[in-house]
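Participant: Protein chains in written order, with the working numbering: chain A, 16 to 212; chain B, 23 to 247.
Be careful, since some hints might not be right.
To be verified - DSS-like cross-link-like pairs, simulated, lysine-lysine; straight-line CA separation at most 25 Å:
1) A:K184 - A:K49
2) B:K216 - B:K87
3) A:K50 - A:K184
4) A:K176 - B:K142
5) A:K176 - B:K216
6) A:K109 - B:K87
7) B:K142 - B:K216
8) B:K87 - B:K213
9) A:K184 - B:K31
10) B:K142 - A:K110
11) A:K18 - A:K184
12) B:K142 - B:K25
13) B:K87 - B:K142
14) A:K49 - A:K176
15) B:K142 - A:K184
16) B:K25 - A:K184
Stated by the list, open to error - Computed beta-carbon distance windows for the label pairs:
17) B:S114 - A:V165: 51 to 59 Å
18) A:V165 - B:S24: 42 to 50 Å
19) B:F178 - A:M112: 27 to 35 Å
20) A:L115 - B:R35: 24 to 32 Å
Hint data in this document are derived by calculation from the structure and do not stem from the laboratory. Think of the CB as a built atom: it goes at the ideal place given N, C-alpha and C, for glycine as much as any other residue.
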Amino acid sequence: MIKNLIVILMTSVLVNNYVLVKFLGICPFLGVSKKINQAAGMGIAVTFVMILATAVTWPIQTFILDKFNLAYMQTIVFILVIATLVQFVEIVLKKYMPSLHSSLGIYLPLITTNCAVLGVTVNNINDGYNFVESMVSSLGCGLGFLIAMVLFAGVRGHMEKCNPPEAFKGLPLTLVAASIVSLAFFGFAGVIDNLFA
Amino acid sequence: MSKLQNFLKGLIRENPVLVLVLGTCPTLAVSTKISNAIGMGLAATAVLICSNIAISALRNVISEKVRIPCYIVLIAGFVTVVSMLLNAYANSLYEALGIYLSLIVVNCIILGRAEMYANKHGVIDSAIDAAGMGLGFTLALIAMALIRETLGSGTFLGYEIPFLAENHISILANAPGGFFVFGCLIALVNKLSKGKAIKKKEFGCANCPSAAVCGKNSCTEEEIK
């Protein structure tokens, strides 16, 4: 049981990294990774929302949609639930935890239409995880997102100093750098099989 | 702007993927095979045309304050219809696209066009705009997939190419190759257009990933460059 959970966690953090391997959540990855503290803030906010969203959508899928044969409504229901949840969390944070709101709050509206959050909730259902497994998997995906963001922010800091050809300035160079960071994560592909064989 | 110009702008000058850099996630994820790229492009185009027509027709009814949730529900509805149709009539494509099909809901191109175009223009103009943008998205996906499939797997639409099949660069078909090819294609567009196509005017903040962090209502001239 515990071993299974560890495998799920490690798989979603390293092997199936949401940003660098599965290409989900590329917009914030490219947009908010210029400074390390912003990247970390975004990563933590995404992790937080992913866990909350899974905690809400998994019971909805299991106890409402599956029970009443409404599985085809999954996309509509999930996106609405996530959008409402993010708004709700923002209001609660603003009222009761202003300090947390001022550090995390600005990232929350961005997350409503983040494909990584919708992706993790749908993936958990598709993979047939139970509630605990789903929670661990979304924690792993969030941590993987955080790690990728922070690592990439570090790489981008160094890129400021280099002088690429005119056409590569800006986004193209960022993408090539992302490709190299992704190559590093690609090396984790066999880790799980060998570690828990 | 004539109807033809309106249609053509989505193909090159305001190409959603290579110039506006919207919808990067599906572009990177499904461009490993040309057949998947065509399928994804057409599915997104269908959703885009439907949602642009609906949003443009309802633009005077939907209240300004709750417009984004309304748009998302409309888009999610159309995505559900398209994915059910694909499941029924093109099941292999449905399996291949997997989760990215339902993620068309959060594709920034669709919400982006709703915000930037459909809620300001008439139904026919919005439909033409959507068709152009959708075709531009499909063409950019095909261009990516052409490079990644022929060089990465040595095949073309599944048929083996004699020399390349034995000497394929398999990293191009994997995740790192996706970023690399995409970066190079954008650089190529930059080079060919010599900065002419790179005008992010009308590029609203609604879908800018850094909108909340920057906290301004519009980008300054310097930031656009």
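Participant: Each hint: holds or not?
Facilitator: Going down the list of hints, with the structure as the test:
For a cut-off of 25 Å, the pair hint linking A:K184 to A:K49 stands: about 15 Å separates their Cα positions. A C-alpha spacing of about 40 Å is found between B:K216 and B:K87, which places the hinted pair above 25 Å, so the restraint is violated. Between the alpha carbons of A:K50 and A:K184 the distance comes to roughly 18 Å, so the proposed pair stays at or under 25 Å and holds. In summary, the hint linking A:K176 to B:K142 is not supported, as the alpha carbons are separated by about 42 Å, beyond the 25 Å threshold.
For the given pair, A:K176 sits about 23 Å from B:K216 by alpha-carbon distance, which is consistent with the 25 Å threshold. Proximity of A:K109 to B:K87 is assessed by CA-CA distance (about 20 Å); at most 25 Å being required, the pair is judged to hold. A hinted pair counts as satisfied when its Cα atoms are at most 25 Å apart, and B:K142 with B:K216 does not qualify at roughly 30 Å. For a cut-off of 25 Å, the pair hint linking B:K87 to B:K213 is broken: about 41 Å separates their Cα positions.
Distance hint between A:K184 and B:K31 is fulfilled; the C-alpha atoms sit about 24 Å from each other, no more than 25 Å. Simply put, B:K142 and A:K110 have alpha-carbon atoms about 36 Å apart, too far for the 25 Å limit, and the pair is violated. Using a Cα cut-off of 25 Å, the hinted pair A:K18 and A:K184 is violated, with the two alpha carbons roughly 46 Å apart. The hinted pair formed by B:K142 and B:K25 meets the criterion: a straight-line CA distance of about 16 Å does not exceed 25 Å.
Proposed proximity of B:K87 and B:K142 is supported: the alpha carbons are some 15 Å apart, at most 25 Å. A C-alpha spacing of about 13 Å is found between A:K49 and A:K176, which places the hinted pair at or below 25 Å, so the restraint holds. Straight-line distance between C-alpha atoms of B:K142 and A:K184 comes to about 33 Å, which puts the hinted pair past the 25 Å bound. For the proposed pair B:K25 and A:K184, the alpha carbon gap of about 34 Å is over 25 Å, so the pair is violated.
Judged by the Cβ atoms, the range 51 to 59 Å given for B:S114 and A:V165 is violated: they are separated by roughly 39 Å. Against the hinted window of 42 to 50 Å, the Cβ-Cβ separation of A:V165 and B:S24 comes to about 49 Å, which satisfies the hint. In this structure the hint that B:F178 and A:M112 lie 27 to 35 Å apart at CB is violated, the actual value being about 56 Å. Remark: the range hint 24 to 32 Å for A:L115 to B:R35 is contradicted by a beta-carbon distance near 44 Å.
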